[in-house]
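Peer 1: Sequence:
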Amino acid sequence: MTTCPTHQNSAPPPPQMPHSTRPANLVCKGCAAPAGSQEERRNHHCPCCGERFVSGCTGRPRRRTCHRCGTLDTHTNRWLPPVDPIAELLGQHYTPSPWFQVWEEAARRFGADIAHHLVQVTTEIDQTHLYGEIAFRGSVIAIRHGERGFEAASDCPHRTECRRGRLWTPVQIREDLLDVRLNGPGPRASACDRAHRHS
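The numbering of the sequence shown is my numbering, which starts it at 1 and goes up by one.
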(Lines of atoms letter the chains of each structure in order from A and count residues from 1; the text may use other names and numbers.)
(Lines give C-alpha, C1' and ligand atoms only; values in the text may rest on other atoms or scores of the structure.)
Protein backbone atom coordinates (compact mmCIF):
# COMPACT_ATOMS: atom_id res chain seq x y z
CA MET A 1 0.00 0.00 0.00
CA THR A 2 1.68 3.21 -1.15
CA THR A 3 -1.22 5.67 -1.12
CA CYS A 4 -1.57 7.43 2.20
CA PRO A 5 -4.96 7.98 3.90
CA THR A 6 -4.86 11.70 3.04
CA HIS A 7 -4.61 11.06 -0.69
CA GLN A 8 -7.02 8.10 -1.04
CA ASN A 9 -9.54 10.19 -3.02
CA SER A 10 -7.33 12.87 -4.57
CA ALA A 11 -3.92 12.82 -6.19
CA PRO A 12 -1.07 14.26 -4.13
CA PRO A 13 0.57 17.47 -5.35
CA PRO A 14 3.86 17.12 -7.23
CA PRO A 15 6.88 16.93 -4.90
CA GLN A 16 9.00 20.02 -4.28
CA MET A 17 12.09 17.85 -3.70
CA PRO A 18 11.58 14.84 -6.01
CA HIS A 19 13.98 11.93 -6.37
CA SER A 20 16.72 12.55 -8.91
CA THR A 21 17.34 9.53 -11.16
CA ARG A 22 20.63 10.94 -12.39
CA PRO A 23 23.32 8.39 -11.56
CA ALA A 24 26.36 9.65 -9.68
CA ASN A 25 29.39 8.04 -8.11
CA LEU A 26 28.04 8.79 -4.64
CA VAL A 27 26.35 6.72 -1.94
CA CYS A 28 24.28 7.76 1.06
CA LYS A 29 26.30 7.56 4.30
CA GLY A 30 23.19 6.45 6.20
CA CYS A 31 21.81 3.60 4.09
CA ALA A 32 24.63 3.08 1.53
CA ALA A 33 22.14 3.43 -1.36
CA PRO A 34 23.76 4.61 -4.62
CA ALA A 35 22.67 8.09 -5.74
CA GLY A 36 19.90 7.96 -8.34
CA SER A 37 18.97 4.34 -7.57
CA GLN A 38 15.53 2.93 -6.75
CA GLU A 39 16.90 1.93 -3.36
CA GLU A 40 17.71 5.59 -2.66
CA ARG A 41 14.18 6.56 -3.74
CA ARG A 42 12.64 3.98 -1.37
CA ASN A 43 14.82 5.05 1.57
CA HIS A 44 14.68 8.83 1.10
CA HIS A 45 11.31 9.65 -0.51
CA CYS A 46 7.63 9.19 0.34
CA PRO A 47 6.07 6.26 -1.59
CA CYS A 48 2.80 8.19 -1.96
CA CYS A 49 3.73 11.70 -3.13
CA GLY A 50 7.45 11.30 -3.86
CA GLU A 51 8.47 14.13 -1.53
CA ARG A 52 11.76 13.80 0.38
CA PHE A 53 11.21 12.57 3.96
CA VAL A 54 11.45 15.22 6.69
CA SER A 55 14.21 13.50 8.68
CA GLY A 56 17.64 12.74 7.28
CA CYS A 57 18.71 9.21 6.44
CA THR A 58 20.04 7.18 9.36
CA GLY A 59 20.05 3.77 7.76
CA ARG A 60 16.66 2.06 7.80
CA PRO A 61 14.68 3.68 10.64
CA ARG A 62 11.37 2.16 11.69
CA ARG A 63 9.40 5.33 10.98
CA ARG A 64 9.76 7.96 8.26
CA THR A 65 7.67 11.12 8.15
CA CYS A 66 6.41 13.00 5.10
CA HIS A 67 5.05 16.48 5.87
CA ARG A 68 2.23 15.92 3.35
CA CYS A 69 1.24 12.29 3.91
CA GLY A 70 2.06 11.43 7.52
CA THR A 71 4.25 8.74 9.08
CA LEU A 72 5.10 5.46 7.37
CA ASP A 73 6.15 2.29 9.20
CA THR A 74 8.98 1.21 6.91
CA HIS A 75 9.03 -2.39 8.19
CA THR A 76 5.34 -3.09 7.45
CA ASN A 77 4.96 -0.43 4.70
CA ARG A 78 1.77 0.82 6.38
CA TRP A 79 0.74 4.35 7.22
CA LEU A 80 0.40 5.05 10.93
CA PRO A 81 -2.63 6.89 12.30
CA PRO A 82 -2.06 10.64 12.67
CA VAL A 83 -0.69 11.81 16.00
CA ASP A 84 -1.72 15.01 17.74
CA PRO A 85 1.47 16.37 19.37
CA ILE A 86 -0.49 18.61 21.77
CA ALA A 87 -2.59 15.65 22.94
CA GLU A 88 0.64 13.68 23.48
CA LEU A 89 2.05 16.56 25.55
CA LEU A 90 -1.10 17.09 27.63
CA GLY A 91 -1.49 13.35 28.22
CA GLN A 92 2.20 13.03 29.17
CA HIS A 93 2.76 10.42 26.46
CA TYR A 94 6.22 11.62 25.46
CA THR A 95 9.81 11.41 26.63
CA PRO A 96 11.14 14.72 27.97
CA SER A 97 14.35 15.88 26.32
CA PRO A 98 17.59 15.69 28.34
CA TRP A 99 17.69 19.50 28.44
CA PHE A 100 14.16 19.68 29.85
CA GLN A 101 15.16 17.21 32.59
CA VAL A 102 18.16 19.42 33.44
CA TRP A 103 15.88 22.47 33.48
CA GLU A 104 13.47 20.72 35.89
CA GLU A 105 16.34 19.77 38.20
CA ALA A 106 17.63 23.36 38.09
CA ALA A 107 14.17 24.58 39.14
CA ARG A 108 14.20 22.18 42.12
CA ARG A 109 17.74 23.01 43.22
CA PHE A 110 18.03 26.73 42.50
CA GLY A 111 14.42 27.94 42.30
CA ALA A 112 11.90 28.58 39.54
CA ASP A 113 13.13 32.14 39.00
CA ILE A 114 16.67 30.91 38.25
CA ALA A 115 15.36 28.15 35.94
CA HIS A 116 13.23 30.75 34.15
CA HIS A 117 16.41 32.60 33.16
CA LEU A 118 18.29 29.42 32.20
CA VAL A 119 18.82 28.97 28.47
CA GLN A 120 20.56 26.13 26.65
CA VAL A 121 23.88 26.72 24.88
CA THR A 122 24.43 24.37 21.94
CA THR A 123 27.71 25.79 20.59
CA GLU A 124 30.03 23.91 22.97
CA ILE A 125 32.20 21.18 21.42
CA ASP A 126 32.18 19.05 24.59
CA GLN A 127 29.49 16.37 24.23
CA THR A 128 29.81 14.97 27.78
CA HIS A 129 27.88 17.85 29.37
CA LEU A 130 24.75 19.87 28.67
CA TYR A 131 25.64 23.57 28.73
CA GLY A 132 23.52 26.56 29.61
CA GLU A 133 23.60 30.15 30.79
CA ILE A 134 21.68 31.96 33.47
CA ALA A 135 21.12 35.35 31.86
CA PHE A 136 19.62 38.27 33.77
CA ARG A 137 19.68 42.00 32.94
CA GLY A 138 22.65 41.69 30.61
CA SER A 139 24.80 39.57 32.94
CA VAL A 140 25.50 35.88 32.39
CA ILE A 141 26.87 32.97 34.40
CA ALA A 142 27.65 29.77 32.52
CA ILE A 143 26.61 26.40 33.95
CA ARG A 144 26.83 22.83 32.78
CA HIS A 145 25.38 19.49 33.84
CA GLY A 146 27.16 16.15 33.67
CA GLU A 147 28.44 13.31 35.86
CA ARG A 148 29.34 15.73 38.68
CA GLY A 149 25.86 17.28 38.56
CA PHE A 150 25.62 21.03 38.10
CA GLU A 151 28.79 23.09 37.79
CA ALA A 152 29.17 26.86 37.51
CA ALA A 153 31.93 28.52 35.50
CA SER A 154 34.40 31.14 36.59
CA ASP A 155 37.22 32.67 34.57
CA CYS A 156 40.62 31.00 34.64
CA PRO A 157 43.29 33.02 36.53
CA HIS A 158 45.59 32.47 33.51
CA ARG A 159 43.01 33.87 31.08
CA THR A 160 45.63 35.90 29.19
CA GLU A 161 47.24 32.61 28.10
CA CYS A 162 44.21 30.42 27.46
CA ARG A 163 41.84 33.21 26.34
CA ARG A 164 38.42 31.78 27.20
CA GLY A 165 39.49 29.18 29.77
CA ARG A 166 37.06 28.39 32.60
CA LEU A 167 37.17 26.55 35.90
CA TRP A 168 34.04 24.59 36.82
CA THR A 169 32.90 24.42 40.45
CA PRO A 170 30.22 21.92 41.56
CA VAL A 171 27.07 23.68 42.80
CA GLN A 172 24.22 22.07 44.71
CA ILE A 173 22.03 24.98 45.82
CA ARG A 174 21.39 28.61 44.99
CA GLU A 175 23.90 29.83 47.60
CA ASP A 176 26.66 27.83 45.86
CA LEU A 177 25.90 29.69 42.63
CA LEU A 178 26.09 33.00 44.48
CA ASP A 179 29.42 32.02 46.07
CA VAL A 180 30.96 31.19 42.67
CA ARG A 181 29.64 34.45 41.25
CA LEU A 182 31.01 36.59 44.08
CA ASN A 183 34.21 34.73 45.06
CA GLY A 184 35.28 32.78 41.98
CA PRO A 185 36.13 29.08 41.80
CA GLY A 186 35.72 26.95 44.91
CA PRO A 187 38.14 24.38 46.38
CA ARG A 188 36.52 21.53 44.38
CA ALA A 189 36.82 23.36 41.05
CA SER A 190 38.10 21.50 38.01
CA ALA A 191 41.30 22.42 36.23
CA CYS A 192 41.03 24.98 33.44
CA ASP A 193 39.19 23.51 30.46
CA ARG A 194 41.86 25.07 28.20
CA ALA A 195 44.90 24.19 30.31
CA HIS A 196 46.75 22.92 27.23
CA ARG A 197 47.15 26.58 26.20
CA HIS A 198 48.93 27.57 29.42
CA SER A 199 52.64 28.26 28.98
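Everything labelled a hint here was simulated from the structure, so no lab data went into it.
Nothing here was measured: the structure is a model prediction, and the numbers come from that model.
The beta-carbon is built from N, C-alpha and C at its ideal position, and this holds for glycine as well.
Hints are not guaranteed to be accurate.
To be verified - So the derived label-pair ranges between C-beta atoms look like this:
(1) I125 - Q172: 19 to 29 Å
(2) G56 - I125: 19 to 29 Å
(3) P187 - H129: 46 to 56 Å
(4) S190 - Q8: 51 to 61 Å
(5) P82 - P157: 52 to 62 Å
(6) G30 - R164: 30 to 40 Å
Peer 1: Given a hinted range of 30 to 40 Å, is it respected by the beta-carbon distance of G30 and R164?
Peer 2: holds (35 Å)
Peer 1: Looking only at beta-carbon atoms, does the pair G56, I125 fall within the given range of 19 to 29 Å?
Peer 2: Given about 21 Å between the Cβ atoms, the range holds.
Peer 1: Quick check on a hinted range of 46 to 56 Å for P187 and H129, using CB atoms only.
Peer 2: violated (21 Å)
Peer 1: So the hint says 19 to 29 Å: do the beta-carbon atoms of I125 and Q172 match that?
Peer 2: holds (27 Å)
Peer 1: Could one say that the CB atoms of P82 and P157 fall in the range 52 to 62 Å?
Peer 2: holds (57 Å)
Peer 1: Okay, S190 versus Q8 on CB: inside 51 to 61 Å?
Peer 2: This hint holds: roughly 60 Å between Cβ atoms.
Consistency with the previously given hints fails for number 3 only.
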